[in-house]
Amino acid sequence: MAAEHAAAVHDPNIGCTGLDHRKMGMWAFLGSECMFFGSLIGTYLAYKGKSINGPGPHEILNIPLTSVSAFVLLMSSLLMVLALAAVQRNDMKWGKIWLFMTAVLGAGFVGFQIYEFTHFVHSGLTLQTNLFGSTFFVLTGFHGAHVTGGVIWLLAMWVLAVRGKLGPQDSLKVEICGLYWHFVDIVWIVIFALIYLIP
Amino acid sequence: MATHAAYMAGTKMSAGSVIWSWITTVDHKRIGLLYGASAFFFFLVGGIEALIMRLQLAQPDNTLVSAQRFNELFTMHGTTMVFLAIMPMSAAFFNYLIPLMIGARDVAFPRLNALSYWVFFSGALLLHLSFVAGTVPDGGWFGYANLTSNQFSPTHSIDFWMLGLQVLGISSLMAGFNFIVTIINMRAPGMTLMRMPLFVWMSFVVQFLVVLAFPAITVALILLMFDRFFGTLFYAPAAGADPLLWQHLFWIFGHPEVYILILPAMGIVSEVLPTFSRKPLFGAPVVIYSGIMIGFLGFGVWSHHMFSVGMGPVADAAFSISTMLIAVPTGVKILNWIGTLWGGRIRFSTALYFSLGFIAMFTLGGLSGVMHASPPVDLQQTDSYFIVAHFHYVLFGGSIFGLFSGVYYWWPKMFGRLLDERLGMVHFWLMMIGFNVTFFPMHFLGLIGMPRRIYTYAPDLGWNFWNLVATIGAFVIVLSFLAFIWNVIKTTRSGARAPADPWDGRTLEWTIPSPPPVYNFAVEPTVHDRDDFWIQKYGDGHGTPPRKPVPPAHVDPASIHMPPPSYWPILLAAAFFVTASGALVSIYQVILGGFLTLYCMIRFMLEYHHQTDVGPAAGGHH
Amino acid sequence: MDSSHSAHAAATHDGGHASVQTYIRVAVVLAILTAIEIGALYVPGLPKHILVTLIIIFGSLKFALVVAFFMHLRYDNKLLTVLFVGPLIIATAIILVIMALFSAFLLLARG
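Chains as they are written, first to last, in our numbering: chain V, 1 to 199; chain B, 200 to 821; chain X, 822 to 932.
Certain hints may be false.
Claimed, not checked - SDA-like, lysine to any residue: derived pairs with alpha carbons at most 25 Å apart:
1) X:869 <-> V:88
2) V:93 <-> X:840
3) V:96 <-> B:219
4) X:899 <-> X:884
5) V:173 <-> V:12
6) V:93 <-> X:884
7) V:96 <-> B:808
Since the hints were made in silico from the structure, they are not lab data. Given the structure is predicted, the values throughout are model-derived calculations rather than measurements.
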């Protein structure tokens, strides 16, 4: 026990609270991101129902399709925790699989969004059409950009793992990637509810 | 590493390797000095912008500058002073002092720290490239929509402002995360949160304000950027949008921002007063809680900047009440500072004078602030020179005086030389007189009807005399700066050498040499109290006797491992600059910049992944 | 190597650990909640205020489940919870105040 404590104390990444600096930094960052998405969501809700011309959400949103993509993103969070658990127990075979699959599901979500955006543009809703167009595309677009960033991060970790350069000693890095990924998921839970579900 | 070792051994380095060592430094002390030098430079730039305005306004119907030029001057003066002078000067102190005051060897993420500085540098550069392009920002420092729309601001002037602020925001955010983790997680053994120095506490609150407020302006600027570049309708009244959205988002950032500007100075004053009173800060826990309250309440008062826009009685009343409430913890602090001086064995120094000046000037600024808290009163005062007087009293009389107090206090620690006290007194009195002669008359001008942001005025309005007085005061301020600059030049060559503890200080930074070695503490200190160093020297007067100073342990400096320098921070900042400035040039530059940024980010992270020694230095747990 | 790994693990996972089984159970609950939310949209004649309340409650539940279990906050040092929940509360309050200032509640109630 004392030896373990001494070993932890010598790890330069662990601070006086016993927590890792990088994990704490990521949680501080996620707190800040709450304000970022909060401002975008506030903007969306401030302008909801105030467009002076159509199309409006009820005319153009495809709830069934978006429900599938929301489900996909939700399940990707499960794969992410499975990836972390695998890396922690030094099961790099499954670590690689789950990391890659999380990225695939994330990319799938982004794919759905690209399809949705293209379809909307062809149906007459663009950034410039009305307040709904402006707020919808910017809010969901920035979320999608965050997901894309996460997919790149996941693939980078996967590449490192494939090259044998990621192991259980890097669990914390996978955990931090996971925190970011789950956050992007919970933001979508909120956005999905406010844009697609609430009339 | 070689340059690092050479620097440490004091051997002669070529100019090139000196510059390279500064470009690649990850040492918090050097980064602090970089911020300080930059802040001082931009303070002079902003000052010149102010002087030109004062010259123009010294007489009615003046033709020194055009209306357009005047708009550019007050826009750049405000933007420069807030983002490129006060904030980086505070950052200089955060960087230099926070690790020293908590007994750490560096911040939690040294390379991220360097990155914050270089991104700041590129943001300042981007903003000032507008002068080269001939399209200087002219929409005011808070850029109200929809004046900032393409329709009413067709040139790139607002684009420079918008992009420059975004880049600067990223810099501040990264530094915020760094200091939050540093303060929570890198304190020396025994330093509980309540034993932290007050400067660290106020800085801690500021970092939370930064990471929570900047996202709001980031969004406000993103919406503006989309309106200007992609034709969205966020601030387009014709499409049903409300330009007030900008005002709300901006001030949700802007009000916490003014606390970001003042709390560091309050922290400095809370260090200087006890040292020169030879007494602990009166009611230190209460001052800490007041700081936390101010930070928290600061998020609930923003619309007091909007009392004249027609929000309705409910909103006006709510924000009026919250604004009056926030005056309470601020007032409490002022009483605590006075309580610190009361009964103390005062030793006068320039640092103390500036802190005393802070208390007096900030109180005046706070009083006019409380007046603005009443919506009917504010309806007359808003957008008049009365407001200009208020915010200069709190930002110049407050922040700048407080920051100068810190400069004179910590200069010996940073540079190993004391600043000359007589020149310091000349600086102080010229600044005190000049400042009040400049800004006090603005209260009168505001109340007799002079609006802000006008480039000239008719001669028969009764405004001539006080405008002339204010301009004369501005030049007295210039003289005070010359005294300071002369002080720096003179003492750099032949100033008295500073010992480790020139002021008989109370906190940990005074226990190490002046200037400190690169690793700060040879052996990590253990702390038993607030003001632990003072108690170690003199006991606490309640039964704790002085402790014998621990003989310096024989630690071979070469065995203390500090994070090595890195060129990825400056490269990543440069790539980011290419991306941001690309928005003004062509989409291809943005795309190229984007790829460069991604590449540099990956290399930055891989440098960490592949080397185990690139992280923060071990806190000396041995 | 082993001792530093387990010490590292001990330092970062103070209060316990969720098992793979727990994760899967949470995922199932998330899926069910989502299904109910979407199903509720198609219930004919469901009063609007009930639908909105249900969506908000279920959304909050899903949010909390992901944060507590997948993001491990339930098992981690309370400090991390404070670091995240504090800003979350401020952000939520600001959203609500913006909605009030832009008469969004009035519009929602009317429509």
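Cross-check of the supplied hints:
no. : hint            : verdict
1   : X:869 <-> V:88  : violated, 46 Å
2   : V:93 <-> X:840  : holds, 19 Å
3   : V:96 <-> B:219  : violated, 40 Å
4   : X:899 <-> X:884 : holds, 18 Å
5   : V:173 <-> V:12  : holds, 15 Å
6   : V:93 <-> X:884  : violated, 30 Å
7   : V:96 <-> B:808  : holds, 18 Å
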